[in-house]
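K.L.:
Given the coordinates of chain A, work out where chain B should sit on it, guided by the hints.
In order, the protein sequences belong to chains A and B. Whatever position you read off the first sequence (first residue = 1), add 962 for our numbering. The second sequence: position 335 = 326 (our numbering), numbered continuously.
What the hints contain is simulated information worked out from the structure, not anything from laboratory work. Quick reminder that beta carbons are idealized off the backbone N, C-alpha and C, glycines included. It cannot be assumed that every hint is accurate.
[What the hints assert, rightly or not] Covered stretches of chain A (in silico footprint by chain B; criterion: 3 or more residues with CB under 8 Å from a CB of chain B, positions within the stretch not fixed):
# : stretch
1 : 995 to 1007
2 : 1228 to 1234
3 : 1288 to 1294
[To be verified] Cut-off 20 Å, straight-line C-alpha distance, at most; resulting in silico cross-link-like pairs (EDC-like, lysine to aspartate or glutamate):
#  : chain 1 : residue 1 : chain 2 : residue 2
4  : A       : Lys1228   : A       : Glu1319
5  : B       : Lys361    : A       : Asp1187
6  : B       : Lys35     : A       : Glu1319
7  : B       : Lys361    : A       : Glu1224
8  : A       : Lys964    : B       : Glu301
9  : B       : Lys205    : B       : Asp155
10 : B       : Lys97     : A       : Glu1319
11 : A       : Lys1277   : A       : Glu1027
12 : A       : Lys1324   : B       : Asp224
13 : A       : Lys967    : B       : Asp232
14 : B       : Lys375    : A       : Asp1260
15 : A       : Lys1264   : B       : Asp321
16 : B       : Lys124    : B       : Glu142
17 : A       : Lys964    : B       : Glu369
18 : A       : Lys1131   : A       : Asp1156
19 : B       : Lys110    : B       : Asp76
20 : A       : Lys967    : B       : Asp76
21 : B       : Lys379    : B       : Asp155
22 : B       : Lys(-3)   : B       : Asp28
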Amino acid sequence: MKDFKTEVAVIGCGIAGITAAKKIASEGADVTIFSKAYGATAMSTGVVDIANPTVVKLPLKPPEELISEKYAKKANHPYALIIRREKQLEGRTAQSEEDNYSQTISKAVTTFLENMKDVDYPMEGSLNHNMLLIDSIGSAKCTSLAPPSVARGDLTKINKGQIIFIGFKGHSDYDPRLCSQNFARTSKIVGLPDAVEGASGKLTDFPGFEGRNTLLSIEIARRLDREEGIATGVGRKIGDLAKGDGATHVCLPPCMGIDNVERNLKVIGEESGLIPFECANLTPPSILGFRMQLALEDSANKSGVVIRLPYEVKKIEIEENNLKRMAVVSGERSFHVDADRFVLATGSFIGGGIIEEEETVKEPILNLPLFDENDAQVNSVFIRRMLSSEAIPIKGHPVFSVGVKVNENMQPVSDKGEPLYSNMFACGNILSGFNHTSSGCRHGVAITTSYVAGEEAAKKQRKREE
Amino acid sequence: MATTGKEATTQAASGLSFIKEKMKTLSLLENQPHEKDLLSQLGKCLNCGVCLPSCPTLEATSFEVFPGPRGIATTVSRVNPNFWDIRDLIYTCTECGSCQEICPEKVPVPKAASLLRGKIFRLRPDLIPPGHKEMLMNLSQHGTSLPPEDEELRSDLAESAMKDLALPYKKDVYKGSAQVVYFAGCISTHRAPEIRESGKLILDKLGVNFTLLKDTGCCGLPASLIGDMELADKLVKSVFDRVRQVGANTVIATCSGCANTLQAYLNRMGNNTGIRVKHLAEYLVEDVGSQKVSSLAKSKESKMKSKATENIAIHSACHLSRHLSRRIQDYVIQLAEALPGVQITTSNTRQKCCGAGGLLSIFKPDVSNKITIARLQEILEQEKKPEKIVAPCPTCVIQMNQGVSNSTPEIKVEDFAVLLARKIV
Chain A
963 MKDFKTEVAV IGCGIAGITA AKKIASEGAD VTIFSKAYGA TAMSTGVVDI
1013 ANPTVVKLPL KPPEELISEK YAKKANHPYA LIIRREKQLE GRTAQSEEDN
1063 YSQTISKAVT TFLENMKDVD YPMEGSLNHN MLLIDSIGSA KCTSLAPPSV
1113 ARGDLTKINK GQIIFIGFKG HSDYDPRLCS QNFARTSKIV GLPDAVEGAS
1163 GKLTDFPGFE GRNTLLSIEI ARRLDREEGI ATGVGRKIGD LAKGDGATHV
1213 CLPPCMGIDN VERNLKVIGE ESGLIPFECA NLTPPSILGF RMQLALEDSA
1263 NKSGVVIRLP YEVKKIEIEE NNLKRMAVVS GERSFHVDAD RFVLATGSFI
1313 GGGIIEEEET VKEPILNLPL FDENDAQVNS VFIRRMLSSE AIPIKGHPVF
1363 SVGVKVNENM QPVSDKGEPL YSNMFACGNI LSGFNHTSSG CRHGVAITTS
1413 YVAGEEAAKK QRKREE
Chain B
-8 MATTGKEATT QAASGLSFIK EKMKTLSLLE NQPHEKDLLS QLGKCLNCGV
42 CLPSCPTLEA TSFEVFPGPR GIATTVSRVN PNFWDIRDLI YTCTECGSCQ
92 EICPEKVPVP KAASLLRGKI FRLRPDLIPP GHKEMLMNLS QHGTSLPPED
142 EELRSDLAES AMKDLALPYK KDVYKGSAQV VYFAGCISTH RAPEIRESGK
192 LILDKLGVNF TLLKDTGCCG LPASLIGDME LADKLVKSVF DRVRQVGANT
242 VIATCSGCAN TLQAYLNRMG NNTGIRVKHL AEYLVEDVGS QKVSSLAKSK
292 ESKMKSKATE NIAIHSACHL SRHLSRRIQD YVIQLAEALP GVQITTSNTR
342 QKCCGAGGLL SIFKPDVSNK ITIARLQEIL EQEKKPEKIV APCPTCVIQM
392 NQGVSNSTPE IKVEDFAVLL ARKIV
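So here's chain A without its partners, still in its complex pose (with noise of 0.2 Å):
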């Protein structure tokens, strides 16, 4: 098969990949995304985490504050690097702990929200304020930026009222009633006001579903996107099963719908009187996910980014300090991509860009140095050395904190701190010094890191530097 080219490639379709490209193609370049398949960010939680508290009480820091106070204190928490190039760029050298407001992940932040909204899959939230939601098993969770759907369940905005728990029989994903109970716990330890009340948890049969051991959220998903009355229906059980108990909201399972979310929704509140909310997603299938994925690809089309999927990357060549040409393989075939700069945004152990091999971890494209939190090399440490002695660490297993360093300009870099290849960034997931599952900060590493690699990666081609 012919060999193609491309300007700028960016390898990786979750959620950096296309924040990446789409930044470069709004700065002009001709950019096409390689995807090998989905990654995490189709399974996430579909809300975005920017800057998380440690310790989940209200009242909530916004991640405006979290992010300077925790965040920008770590030397090489991905936060940390693009507020210093910020410095850089400006010519500030004054360091005070008051200077860490970043005018870059402001400006990512908001161009995620205009990216998303675009493609009519509005997102609710901003740096000023983080939400307080309840998940699938009725502890809190706390997040930055969350769909309305999500978002009307945000806990620090319902001053007053009681929360009744509903979910389907046979759907496993979502148990009201644990969720109820559990919700009675959490929120007294997160110290909600007492006018907000966790009502009692009821199951109810899926219209259409009934008497099914197993339902999957994709199928009730789908069932009320496709027909109008199912929602009716849905709505009309609501209000029978809430009535006497004083319930002004419902937490419902995080899949009344695809397309029709919100369409959904507004009839079911209109049916049963009550604030419909979908609560967050804990774990995969996620719907949450895989809509956010969805709208992601169409916001990529939408600015003329080509998602070339499955085409999975091999290997890159390198010549010099410059990466060159791509080894690809899409289905029976195999052909070369050559272009001028490369994005990195394939993401960790769920996407592929960290693979565990013989025992320990490896970046399968380009074999490059992998670093832990500590910025310590980590390519032939065992895998076990990287875990902690506690099955759920608060501060999650160090292995999950391992990836590719980069320097301020999202270049990765070697243990010495050189760049490795003049015309190479990295994004998302796949940088070290932050931990991917404890950090709170995932998502929101992944849209500011890509519009800094993005940004980078749109300018020409630079001479290597003799």
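P.N.:
Just chain B, lined up with the frame of chain A:
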């Protein structure tokens, strides 16, 4: 009477050796290395369920009828399958590959379904669906998946089909030696002659030195979908034997299934034969150039009296876009865009299977039809309605035509080769 410990041990040992022997005769212990490899890839399933929205069968039925690709991967990889239990699961899979395309672990569900069909074929022939058996009879008797008709009748049908399209009819040409072999495949030879004839006309128009293969035969795909891997291999091998006989270095197919099966065979054999397999769209873009196709179409258009624009939707054929390579489906779109008088209303390369995949149309026609209707509705729900659906695969065309006659007669379905022939010949 109580048995002594020694006796019990002897009894147990003889029982065990009996079971071992029995399993050997059922060849239950003999997973070939490639089978082991495939099953271990299946075991990589994370159980994440990202694949569930992509499955056409799950979408058209329910979890209870078909638990989706995750169901196949988890059931089959976790335990040694009981064929009786998994039979429906395995034959209801369209093997379309939509799941594998987005799976983070690239779990090869379609290949696993084929592997298990192969095992059922060898070990439990009583479980092979009746429709599959019928097709197998055609394949082993005539070397084609459909019963061949009398040659004179076939060419008459082909001639009249071309007349309906206002296209010339050219007799079949069989050369002793040629650079290019045009492999027409069974469906376009015996079921949709206009596709086979269109392919001939296009290559003729472009001045390609090509020949058809005597007794075209089958690429082997249907045999492998039934599970008769030996027959499948024999059929595909026979195609390449005949290609070598005419000394050709390129095989062109209009059928996505044929193109993929032939290429996959070459890849499996180490890809060192010097023979290239190309889908028509790929040949036109890479060897001829879409500009030439476009200019031929423009010169034909300039001679036409009426210059009405056709609105078409392009359906994505699984064997092309998910199995052979997504790039070739992109070529189909690229070529269609280059044709004058053609407006593409939608060309989603991720559109799901038409419903005919994996011989589902034979195993469960009702489910298959539901899938087809879902595809047609998807296309008709678009803001801009097309008058025609174009697919680069005869199987999709026949399947969707059936769906159209069942549900939405206002739309027509046409093969990509026919569209091209109408535009440039």
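K.L.:
So, for every hint listed, does it hold in this structure?
P.N.:
Tested hints:
1. 995 to 1007: holds (count 7)
2. 1228 to 1234: With 0 residues close enough to chain B, the hint is violated.
3. 1288 to 1294: With 3 residues in contact (Cβ-Cβ under 8 Å with chain B), the coverage given for the stretch 1288 to 1294 of chain A holds.
4. A:Lys1228 / A:Glu1319: violated, 49 Å
5. B:Lys361 / A:Asp1187: Answer holds: B:Lys361 to A:Asp1187 is near 18 Å, not above 20 Å.
6. B:Lys35 / A:Glu1319: At roughly 14 Å apart (the allowed maximum being 20 Å), A:Glu1319 and B:Lys35 satisfy the hint.
7. B:Lys361 / A:Glu1224: With a Cα-Cα distance of about 28 Å, the restraint between B:Lys361 and A:Glu1224 is violated, given a limit of 20 Å.
8. A:Lys964 / B:Glu301: violated, 30 Å
9. B:Lys205 / B:Asp155: violated, 26 Å
10. B:Lys97 / A:Glu1319: holds, 17 Å
11. A:Lys1277 / A:Glu1027: violated, 41 Å
12. A:Lys1324 / B:Asp224: Given pair A:Lys1324, B:Asp224 is violated - Cα atoms ~38 Å apart, limit 20 Å.
13. A:Lys967 / B:Asp232: violated, 37 Å
14. B:Lys375 / A:Asp1260: Within the cut-off at roughly 18 Å; holds.
15. A:Lys1264 / B:Asp321: Within the cut-off at roughly 18 Å; holds.
16. B:Lys124 / B:Glu142: violated, 25 Å
17. A:Lys964 / B:Glu369: violated, 33 Å
18. A:Lys1131 / A:Asp1156: violated, 31 Å
19. B:Lys110 / B:Asp76: holds, 14 Å
20. A:Lys967 / B:Asp76: violated, 49 Å
21. B:Lys379 / B:Asp155: Cα-Cα ~16 Å, so holds.
22. B:Lys(-3) / B:Asp28: violated, 41 Å
Going down the numbered hints, you'll see the structure goes against 2, 4, 7, 8, 9, 11, 12, 13, 16, 17, 18, 20, 22, while the others check out.
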